[in-house]
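J.: Chains as they are written, first to last, in the working numbering: chain A, 1 to 371; chain B, 372 to 747.
Hints in this document: simulated from the structure, not taken from any laboratory.
Since the model is a prediction, treat every value here as computed from it, not as a measurement.
All C-beta atoms, glycine included, are put in the ideal place defined by N, C-alpha and C.
Certain hints may be false.
[To be verified] Covered stretches of chain B, going by a simulated chain A footprint (3 or more residues, C-beta under 8 Å): (1) 588–594; (2) 675–682; (3) 695–706.
[To be verified] If we take Cβ atoms under 10 Å as the criterion, some of the chain B residues that face chain A in the derived model are: (4) ASP661; (5) ILE664; (6) ALA667; (7) SER686; (8) THR688; (9) VAL735.
[To be verified] Capping the alpha-carbon separation at 30 Å, the derived lysine-lysine pairs in DSS-like fashion look like this: (10) LYS339/A with LYS360/A; (11) LYS493/B with LYS305/A; (12) LYS723/B with LYS339/A; (13) LYS315/A with LYS672/B; (14) LYS360/A with LYS493/B; (15) LYS353/A with LYS295/A; (16) LYS693/B with LYS339/A; (17) LYS339/A with LYS555/B; (18) LYS445/B with LYS112/A; (19) LYS305/A with LYS555/B; (20) LYS638/B with LYS618/B; (21) LYS618/B with LYS315/A; (22) LYS269/A with LYS315/A.
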Amino acid sequence: MANIVLDKLVKRFGKQVAVNELSLDIKDKEFVAILGPSGCGKTTTMNMISGLLKPDAGTVQFDGKIMNSMPPGKRGVGFMFQNYAVFTFLSVYDNIAFGLRIRKMGNDQIDKEVREVARLLQIRHLLSMPASKLSINDMQRVALARSMVVKPQIFLLDEPLSNLDAALRNVMRAELKRIQQELGQTTVYVTHDQVEAMSLANKIAVMNFAVLQQYDSPHNIYNRPKNLFVANFIGSPTINFFDGSYKGGTFSLSDFSNGKLTVSKENKKMVDEKVKGEDVVLGIRPEHLKLGGDKDKNSTNLQAKVVSFEPLGSKTIVYLYPNGNPGLILKSSMDSDYKPRIGDVKNLVFEEKNLYLFDKSSTNLIFRFGS
Amino acid sequence: MASIRLNNVTKTFKNTTAVNNVNLVIADSEFFCILGPPGAGKTTLLRLIVGLENPDDGDILIGEESVTNIHPSKRDIAMIFQNLALYPDKTVFENIAFPLKQQEVPADEIEKRVTDVAKQLKVDWLLEKLPSQLSGGERQRVAIGRAIVRQPKAYLMDEPLSNLDALLRLEMRVALKELQTNLKETFVYVTHDQVEALSMGDRIAVLNEGVLQQVDDPSTIYRSPNNMFVATILGNPPMNFLQCSLKRDNGSVMLEHQTFKLQSDNKEVLGLLNTGNDSGNVVLGLRPEDINIHHAQPKEKSIQAQIYVIEPLGSETIVDIKIGENVIKVLAESDFSGVSNQGVWITFNSHKLHLFDNESHKCVYHASEKSKFEIV
Chain A
1 MANIVLDKLV KRFGKQVAVN ELSLDIKDKE FVAILGPSGC GKTTTMNMIS GLLKPDAGTV
61 QFDGKIMNSM PPGKRGVGFM FQNYAVFTFL SVYDNIAFGL RIRKMGNDQI DKEVREVARL
121 LQIRHLLSMP ASKLSINDMQ RVALARSMVV KPQIFLLDEP LSNLDAALRN VMRAELKRIQ
181 QELGQTTVYV THDQVEAMSL ANKIAVMNFA VLQQYDSPHN IYNRPKNLFV ANFIGSPTIN
241 FFDGSYKGGT FSLSDFSNGK LTVSKENKKM VDEKVKGEDV VLGIRPEHLK LGGDKDKNST
301 NLQAKVVSFE PLGSKTIVYL YPNGNPGLIL KSSMDSDYKP RIGDVKNLVF EEKNLYLFDK
361 SSTNLIFRFG S
Chain B
372 MASIRLNNVT KTFKNTTAVN NVNLVIADSE FFCILGPPGA GKTTLLRLIV GLENPDDGDI
432 LIGEESVTNI HPSKRDIAMI FQNLALYPDK TVFENIAFPL KQQEVPADEI EKRVTDVAKQ
492 LKVDWLLEKL PSQLSGGERQ RVAIGRAIVR QPKAYLMDEP LSNLDALLRL EMRVALKELQ
552 TNLKETFVYV THDQVEALSM GDRIAVLNEG VLQQVDDPST IYRSPNNMFV ATILGNPPMN
612 FLQCSLKRDN GSVMLEHQTF KLQSDNKEVL GLLNTGNDSG NVVLGLRPED INIHHAQPKE
672 KSIQAQIYVI EPLGSETIVD IKIGENVIKV LAESDFSGVS NQGVWITFNS HKLHLFDNES
732 HKCVYHASEK SKFEIV
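Please take these sequences and the hints and turn them into a complete structure.
T.: Given below as structure tokens:
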């Protein structure tokens, strides 16, 4: 059993609070990603879990036991850092065997374990090679093998894929997920890349400015983000936001000239109840924001001008300025054969159920229509 | 406004051929992207056009005039570097005005041209500031302004956006593309980012290890890559490759994988097998978005497989599928659900597959509406 509980963790560096009362419950065998921009406190949190840093307040518990004073070497955790420091003077085999030899495991057993983990990571063909001759991509796998072979119950990874080229990152993401599913280690994975977090984790802890924003499954974080920050941070291209005010069943959107959106009969009562202040932010994701003419089903009278588009092969991203605000860029994800003309004016086409409604002053989600 | 032509240009450094017999024509007023991985030779190519390097072989022409022996300062090309190189002790106005002062343009004309360009790039309210007081995006625009004000024959940019954060990169991409459309000038834009190349280029030159792989518009390169390298460099997730063998079977051709068989009666495909040779190994290429997953066995012929792992990305889901010994990636809808090792069935868009030669990796066949393979 290897569950991790963080209870109101605090870490300060001088006057700056790097982690501000973080509480997190990571269950046995879970893959949890700590996600956020640079400086949000994710690495500091990881370092407190590992024991490299001592918390100023709060506790780190493994299986109910408080670990605050336990040195990192005795916590039974495996590490994988961004700069993985493979021993260049040893062969790949000896690199991987290193941790097992320190633990005084028998040679036969070491051989079995090393070969098994090399098979999992597809580096069996490299075992006799001197580590100094490895490509960056292969070094990555050796570092991973070295951490995994000691079978730690808890695995801590800090942006392990960021030095890899895009092609290998794609492959390694799937491999990592599969391996963790097979081995069942509780894994904490720090990253600033939301694609990695979404694809790998059972749960994501989103952090910003030392504070936990939301802790939930990828699906819930994507579909029910707690606030504007989370909604904007997850999803690529990023979500579209419209400023507006609400009165008597209608949203008035300031980014559009004459931008009015009437709430459906089914939802009007709920919106009336839940919208307290007048100022709101409406959100809609690019894959739900389509473009068309004013006669299309689900067309609105909101108009925007095409300013650019990205044909990505599998889809086309269209960039537009709303007709009331040329300082705002809207993104619409259309089919790969969609070819707009720069300067065309389009009507925004979307269903009410795909809208998110946020309170402007608190930035919190009021609700997601259609949920 | 000018075209740029490279004829048989080669450049070698010690033991490395950085640019290998490149033949390229960049049309007047084109937004031309040079795409390739680090070390491909893109920067060297740019430096050869500007004149900071001299070719060991071949000729470079700007506007149909040979410039191979002409000093960079006289080629009338503006280059924007990754690190911008703004003069830190000069104001925005002085930075943009600098090339005009060098050319001894009269002061009132300088005033007009600099102010016009600054307005165009929305930095006119920053004219008295120093570079250190500007944001990354503003500095970027000042560097571009300094290039525009010279009214050069062409603009060369070497990964100008790679130091910017994601949001700013997007805004600058849109701004640069808009600018080029308005200016109608030749832009040569080097990048390792395939999304940038696909979204900005009128045409893209794909470069690898100094050798030109393919030059075409983005759509053609994506749909009809010349070889496996080009097929991989565009598209995310990249194209899947499967080892197969091609066999003649009476009047048809069979494409066989460890776990499935495809068949085609098309004459073009029959021609792939050399006379006297009834079989050969090929590599089958299929893009993730051209493969469909079904939870239940569909009516049409399909291939059995298992889910290896699922990667939910929010707007869509990548499903890694095990077919025999291979794992391939498939793009599925965002609400796709399943578990590892679950059995699924695969079909694909039969007019979208590609076949590559096993040794040379060159593309030997692109399927189309008229010529396709069907699952047997």
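J.: Does the closest beta carbon of chain A sit nearer than 10 Å to the beta carbon of ASP661/B?
T.: With Cβ-Cβ at 9 Å, under 10 Å, it holds.
J.: Using a Cβ cutoff of 8 Å, are there at least 3 residues of the segment 675–682 of chain B near chain A, or does the coverage claim fail?
T.: It holds: at least three residues are needed, and the segment 675–682 of chain B offers 3 whose Cβ sits within less than 8 Å of chain A.
J.: Let's test the interface hint: is any C-beta of chain A closer than 10 Å to that of ILE664/B?
T.: 15 Å, violated
J.: If you draw a straight line from the CA of LYS305/A to the CA of LYS555/B, is it 30 Å or shorter?
T.: 21 Å, holds
J.: Holds or violated: LYS723/B with LYS339/A, Cα cutoff 30 Å?
T.: Holds: LYS723/B and LYS339/A sit about 20 Å apart, inside 30 Å.
J.: Under the criterion that the straight-line Cα-Cα distance not exceed 30 Å, is the pair LYS618/B, LYS315/A satisfied?
T.: With Cα atoms ~35 Å apart, LYS618/B and LYS315/A exceed 30 Å; violated.
J.: Measure nothing beyond the straight line between the CA atoms of LYS339/A and LYS360/A; if it is 30 Å or shorter, mark the hint as holding.
T.: 35 Å, violated
J.: Checking one constraint from the list: CA of LYS445/B to CA of LYS112/A, max 30 Å. Satisfied?
T.: 68 Å, violated
J.: Hinted pair, alpha-carbon criterion (30 Å max): LYS693/B, LYS339/A. Please report holds or violated.
T.: 35 Å, violated
J.: Do the alpha carbons of LYS315/A and LYS672/B lie within 30 Å of each other, as the hint requires?
T.: Holds, at roughly 27 Å.
J.: With the threshold set at 30 Å, check whether the alpha-carbon distance from LYS360/A to LYS493/B stays at or below it.
T.: Roughly 29 Å separates the two Cα atoms, so the pair holds.
J.: Check whether the Cα positions of LYS339/A and LYS555/B lie no farther apart than 30 Å.
T.: Roughly 21 Å separates the two Cα atoms, so the pair holds.
Going down the numbered hints, you'll see the structure goes against 5, 6, 9, 10, 16, 18, 21, 22, while the others check out.
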